[in-house]
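K.L.:
The task is simple: from the sequences and hints, build the whole structure.
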Amino acid sequence: MSVTVVEVNNLRKKYGEVTAVNGISFRIEEGEIFGFLGPNGAGKTTTINMLTGLARPTSGQIMIAGFDAVKAVKRAQRMMGVVADVSNLYEEMNGFDNLCFCAALYGMRKKEREQRARQLLDEFQLTGAGDRPFRAYSKGMRRKLTIAAALIHQPKILFLDEPTTGIDVASARQIRKMITDLKKQGTTVFLTTHYLEEAERICDRIAFLVKGKIVRTGTVADLMTNSGNEHRLELVLDRNISQQSEAEFKQRFPGLYLQNRGENTCRLVAPHRIALSPVLRYLEEQGLAVYEAREVRPSLEDVFVQITGIEATNSNPEKEGGQQ
Amino acid sequence: MKRWIAFWNILKKDIQNYYLKPPNISWGIIFPFAWTLMQLIRAPQSLEISHLLPGLMAMSILFGSTSMLAVTITFERRGRSFDRLLLAPISLTTMVLAKTCGAVLFGVLNAFFPVSLAAFLIDLTGTNWLLLSFGVLMIAVTATLLSLVIAVSVKEVFEAQTFSNFFRFPMLFLCGLFFPVSKLPVFLRPLAYSLPLTYGVDLLNRALTGRGMMSIGLNSAVLLGVAGLLLTLAERCIRRKWIL
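So the sequences go chain by chain: A and B.
Last residue of the first sequence: 324 (my numbering), numbering continuous.
Last residue of the second sequence: 244 (my numbering), numbering continuous.
Where hints are given, some of them may not hold.
What the hints assert, rightly or not - Keeping only pairs whose Cα atoms sit at most 30 Å apart, straight-line, the calculated BS3-like set for lysine-lysine is: (1) A:K110 x A:K14; (2) A:K139 x B:K12; (3) A:K139 x A:K71; (4) A:K14 x A:K71; (5) B:K21 x A:K156; (6) B:K12 x A:K110; (7) A:K183 x B:K2; (8) B:K183 x A:K74; (9) B:K2 x A:K111; (10) A:K156 x A:K110; (11) A:K183 x A:K71; (12) A:K71 x B:K21; (13) A:K213 x A:K111; (14) A:K111 x B:K12; (15) B:K2 x A:K14; (16) B:K21 x A:K139; (17) A:K111 x A:K14; (18) A:K211 x A:K184; (19) A:K250 x A:K184; (20) B:K12 x B:K155; (21) A:K183 x A:K111; (22) A:K213 x B:K12; (23) B:K2 x A:K110; (24) B:K241 x A:K74.
FYI, nobody ran anything at the bench for these hints, they're computed from the structure.
Every value quoted in this text rests on a predicted model; they were computed, and no experiment measured them.
P.N.:
In structure tokens form, the structure reads like this:
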């Protein structure tokens, strides 16, 4: 039987007249990686701040690992690790001391925190940098140490706000692997990211937040399956289809929408599955050779664009870490 | 026990990381050091030195404590490492006390610099050291909490230092350091009596010279009351400004 680690009911946050989060509700089960996606300004960070106790909800209920995170915020905070969107450790302290300090904030004794700090430095491949000041770390190392600091007290749930933003490819891969490893160990992960491929690859379920409201929640497969019920077939031909053939095609197959995509490629879109043989026969009649035909499944990015109505934001050049 | 582990480690970190930060050195150490040296050199009479000493100590505490807190809070707020403290499972009071303790300690250490210099110039054998230590501690506590209220409201170290000067200098001029409060113009006296430093300096005066304007009980009660009030105010400011 699954155990609910996070339960949010009708959560709302208003700043003056502006409603940043507008009555959202969701649940996260133990061991789940839950992606929280949305365009900038959708209310993701406000939601994380409310869940972690850095912001007070205007109304609504938050339960974290059985504790009321609004009324008993300190009890709930003991259950969680939080990685902010910036690597916010202490610049003057070295990696090892930073981890030990974070452990001390949770009341861990000296021997225990030193042991755990060494273990985490080892797991994150930072042992060699443990005695270097945090300010001397590269962006990737800073991010890894910040995540390690959030795990120092072995939390039940880890909140990750943009964990791979602005870091190198190798570190981003390592962090993604670490997130999936955490899931295997039973840790629940709440993840916000701009990288839709990243969310698609590692999240079990995703919620899309637009203008402070959750507009859709589901598994990655569900979201893609239900994204408009369109079927797409991409054909690679020996040359581009002519305008005349295109017009004739539309008359012959009224239920199919043909998109000429250039570079000898065209795409067929239909609200039902597309029977291939009649299409191939028609193209052969037109003297066109078909080299390749493949079904195009919608990506999470397509779903994102469809749901939010805006272009996906993962083209930001500063965020190369997520582009694999 | 867990609370004390967190408390001690926050305090230790602040001492290790921030005591020797440049803004702290300039405003917290060099300024009161230079001022003390200047006053002691231009007052060759032992009587003058013993009268100057409470004021010099008060000034050293005031600048030390307020500079330290301006540094510890604003540096951490800027780098967002302060969020770690807000996210830790410790009460806001524990966190505030840990942060302020570093500044209080810094102020107390600063206070004994003029004393050790004066020890070479005048006889301090008649000093009530217990009362002196209490006075030093209470001045440090009230100055620190006052600067906490300021540090909560600004973003940069220089802003904190600048705003601190708005109350540091008037306090110095009105607390009896340069002119006895009884000799101030009548319209300024209510202002002088509304400043916690006036009561702190009076305690130091009594401890060093045996003379004071007010009773030890009144001075202590006012300082403890102001400290309690400022702690409540600072916590309220933190809740309102930092936990949005």
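K.L.:
Does each hint hold? Answer for all of them.
P.N.:
Consistency of the hints with the structure:
1. A:K110 x A:K14: 42 Å, violated
2. A:K139 x B:K12: 27 Å, holds
3. A:K139 x A:K71: 36 Å, violated
4. A:K14 x A:K71: Cα-Cα ~18 Å, so holds.
5. B:K21 x A:K156: 37 Å, violated
6. B:K12 x A:K110: 14 Å, holds
7. A:K183 x B:K2: OK: K183 (chain A) and K2 (chain B) at ~28 Å, within 30 Å.
8. B:K183 x A:K74: 52 Å, violated
9. B:K2 x A:K111: 14 Å, holds
10. A:K156 x A:K110: Distance of about 22 Å is within 30 Å: holds.
11. A:K183 x A:K71: 28 Å, holds
12. A:K71 x B:K21: 38 Å, violated
13. A:K213 x A:K111: 46 Å, violated
14. A:K111 x B:K12: Given pair K111 (chain A), K12 (chain B) holds - Cα atoms ~17 Å apart, limit 30 Å.
15. B:K2 x A:K14: 35 Å, violated
16. B:K21 x A:K139: 24 Å, holds
17. A:K111 x A:K14: It is violated: about 44 Å lies between the C-alpha atoms, which goes past 30 Å.
18. A:K211 x A:K184: 33 Å, violated
19. A:K250 x A:K184: 51 Å, violated
20. B:K12 x B:K155: With a Cα-Cα distance of about 23 Å, the restraint between K12 (chain B) and K155 (chain B) holds, given a limit of 30 Å.
21. A:K183 x A:K111: Distance ~27 Å between K183 (chain A) and K111 (chain A) Cα, so the pair holds.
22. A:K213 x B:K12: It is violated: about 44 Å lies between the C-alpha atoms, which goes past 30 Å.
23. B:K2 x A:K110: Distance ~11 Å between K2 (chain B) and K110 (chain A) Cα, so the pair holds.
24. B:K241 x A:K74: 18 Å, holds
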